[in-house]
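For the record, the sequence lines run as chains A and B.
Be aware that the first sequence starts at 156, since it is given in the working numbering, and climbs by one per residue.
Be aware that the second sequence starts at 1364, since it is given in the working numbering, and climbs by one per residue.
A few of these clues could be false.
Okay, derived cross-link-like pairs now, BS3-like style, lysine-lysine, Cα gap no bigger than 30 Å in a straight line [said to hold, decoys possible]: (1) K257(A) to K330(A); (2) K1469(B) to K330(A); (3) K1497(B) to K1542(B); (4) K1468(B) to K1542(B); (5) K1413(B) to K248(A); (6) K1426(B) to K1373(B); (7) K1488(B) to K433(A); (8) K330(A) to K1590(B); (9) K1413(B) to K257(A); (10) K1468(B) to K1373(B); (11) K330(A) to K1426(B); (12) K1373(B) to K1467(B); (13) K430(A) to K1423(B); (14) K248(A) to K1476(B); (15) K1590(B) to K1557(B); (16) K1579(B) to K330(A); (17) K1465(B) to K330(A); (18) K1467(B) to K330(A); (19) K330(A) to K1413(B); (20) K1413(B) to K1423(B); (21) K430(A) to K1497(B); (22) K1479(B) to K1557(B); (23) K1557(B) to K330(A); (24) K1488(B) to K248(A); (25) K330(A) to K1546(B).
Hints listed in this document are in silico derivations from the structure and should not be mistaken for laboratory results.
One-letter residues, chain by chain:
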Amino acid sequence: MRNPYRTQKIAFFFLLLATLLIVVPVGLIVVIIIQKGLPAINWQFLADMPRQGMRAGGIFPAIIGTIYLVTGAIIFALPIGLLAAIYLSEYSKDNLLTRIIKLAIVNLAGVPSVVYGLFGLALFVVFFKFGASILSGSLTLGIMILPVIITTSREALESVPYSFREVSLSLGASKWQTIRHIVLPNAIPGILTGTILGLGRAAGETAPILFTVAAFYLPRLPDSVFDQAMALPYHLYVISTQVPNVDEKIRYGTALVLLTLVLFMNLVAIIIRYKFRKKKKW
Amino acid sequence: MWFGSVHALKQVSMRIENNEILSVIGPSNSGKTTFLRALNRLGDLNQNYKMTGTIMFDQKNIKNMDTELLRRRVGMVFALPLPLPLSIFDNVAYGVRMHGEKNKKKLAGIVEKSLKEAYLWEEVKDRLNESAFKLSGGQQQRLCIARTLAVEPEVILFDEPCSGLDPISTAKVEDAMVKLKEKYTIVLVTNNVKQAARVGDRTAFFLSGELIELDKTDKIFTAPTDKRTDGYIRGKFG
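Generate the whole structure from the sequences, applying the supplied hints.
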């Protein structure tokens, strides 16, 4: 005979087990990286150039390079993504074509990042002759995070109740005024969250920058958008696999800096979302 | 009027007089709201919506009018209190601001006047900067009326404005409507037959997308010509 009480206990056990299976490895990764990386972190490590074939010194150029790339990607992707999202959610008619477009955009978010890298190489580096440069890398990263930004922005716009739009229109406001004064202000937190999640992804990806911008080692900082740059994820790859005898401390230190950067961005996104939920007025 | 293949409203022909309250009654799904939303072309927002026939307003076909201008002259109050996510003041000032008014003194004047007309001023005058969502349901609905008045329309469409309100708030909203009749033309869609009897000058009865009868409210409620009207107001079906 079935014992509902025992069934529940078994189900509970498996649910808990699944949760632990997720939490424990993540926790371990963070703990190990912090434990092994923290001793490497000091002012010199963050603000100095790499020395002795990257076996000593700091990772400053890689940090700067990542910041440049992420900034460039967002300058490119946010305006275009936001405008596309506004068009898709507010103006486009609901028909087969727009539904296919929306589906395609959602699916683009799942395309492996190395494919974007190859695309960036063909389009920006070779076809537009930007060479391997910050510009090419930023544009490639921008294209990679566009689907994320469009999808989250569209969801944020569509979550603004339809009735607000009707009210605004019924008062004689134009469609653009309605979007500008009613829809956008209420969608901004959601848009920001999506943007920051995109940023975090752009900061952490190696494949898209591999062919388009990343330099193995540069003795100086880039001084224009047409220069190559070092970047944290690629630097980590290089010192972990390509350069022999790099101190473990430096490798984990680099990983820690990258992890902190990405987690910090996600944290900002979470805080914004939390504040938004508390302030939500309807 | 059609929504996709659904024929929501058939063959309606009527005149709406200046400074009257025309109440529209009928069971749900009879096309009352569709009728109302045709008058300020809010129905157009639905992409499956199709309308044949003409609606003339001030001797002009509303199809040829600028929708923003039309909606400024034909205001609307919705079934549920729907304040915009703004402060009380900004809610009332919204329409006027959208039409380009920037002068703060003028805006303040308009807001005060509109809130007074909607019998809300005394209750909110000290908290104009609070979120409109802090008001009670009845206050919110009067805020919505004030917001519509601020634009100074000529016609106001009420879409079951009291369906979510308690009797006291309903009475307040009804008082406001009767008072507003002096300056505005009002079309009131209501599910509440008694409300139509209380405030309407004339009453129209819709059933399954057809206008069954339109006459003076007294006549509709005492001696309706059509048997179906009689049945509905006596509560035999609906």
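Tested hints:
{"no.": "1", "hint": "K257(A) to K330(A)", "in the structure": "holds (22 Å)"}
{"no.": "2", "hint": "K1469(B) to K330(A)", "in the structure": "holds (25 Å)"}
{"no.": "3", "hint": "K1497(B) to K1542(B)", "in the structure": "holds (26 Å)"}
{"no.": "4", "hint": "K1468(B) to K1542(B)", "in the structure": "holds (26 Å)"}
{"no.": "5", "hint": "K1413(B) to K248(A)", "in the structure": "holds (15 Å)"}
{"no.": "6", "hint": "K1426(B) to K1373(B)", "in the structure": "holds (18 Å)"}
{"no.": "7", "hint": "K1488(B) to K433(A)", "in the structure": "holds (26 Å)"}
{"no.": "8", "hint": "K330(A) to K1590(B)", "in the structure": "violated (45 Å)"}
{"no.": "9", "hint": "K1413(B) to K257(A)", "in the structure": "holds (26 Å)"}
{"no.": "10", "hint": "K1468(B) to K1373(B)", "in the structure": "violated (47 Å)"}
{"no.": "11", "hint": "K330(A) to K1426(B)", "in the structure": "holds (17 Å)"}
{"no.": "12", "hint": "K1373(B) to K1467(B)", "in the structure": "violated (47 Å)"}
{"no.": "13", "hint": "K430(A) to K1423(B)", "in the structure": "violated (49 Å)"}
{"no.": "14", "hint": "K248(A) to K1476(B)", "in the structure": "violated (40 Å)"}
{"no.": "15", "hint": "K1590(B) to K1557(B)", "in the structure": "holds (18 Å)"}
{"no.": "16", "hint": "K1579(B) to K330(A)", "in the structure": "violated (39 Å)"}
{"no.": "17", "hint": "K1465(B) to K330(A)", "in the structure": "holds (20 Å)"}
{"no.": "18", "hint": "K1467(B) to K330(A)", "in the structure": "holds (24 Å)"}
{"no.": "19", "hint": "K330(A) to K1413(B)", "in the structure": "holds (20 Å)"}
{"no.": "20", "hint": "K1413(B) to K1423(B)", "in the structure": "holds (20 Å)"}
{"no.": "21", "hint": "K430(A) to K1497(B)", "in the structure": "holds (19 Å)"}
{"no.": "22", "hint": "K1479(B) to K1557(B)", "in the structure": "holds (26 Å)"}
{"no.": "23", "hint": "K1557(B) to K330(A)", "in the structure": "violated (37 Å)"}
{"no.": "24", "hint": "K1488(B) to K248(A)", "in the structure": "violated (43 Å)"}
{"no.": "25", "hint": "K330(A) to K1546(B)", "in the structure": "holds (29 Å)"}
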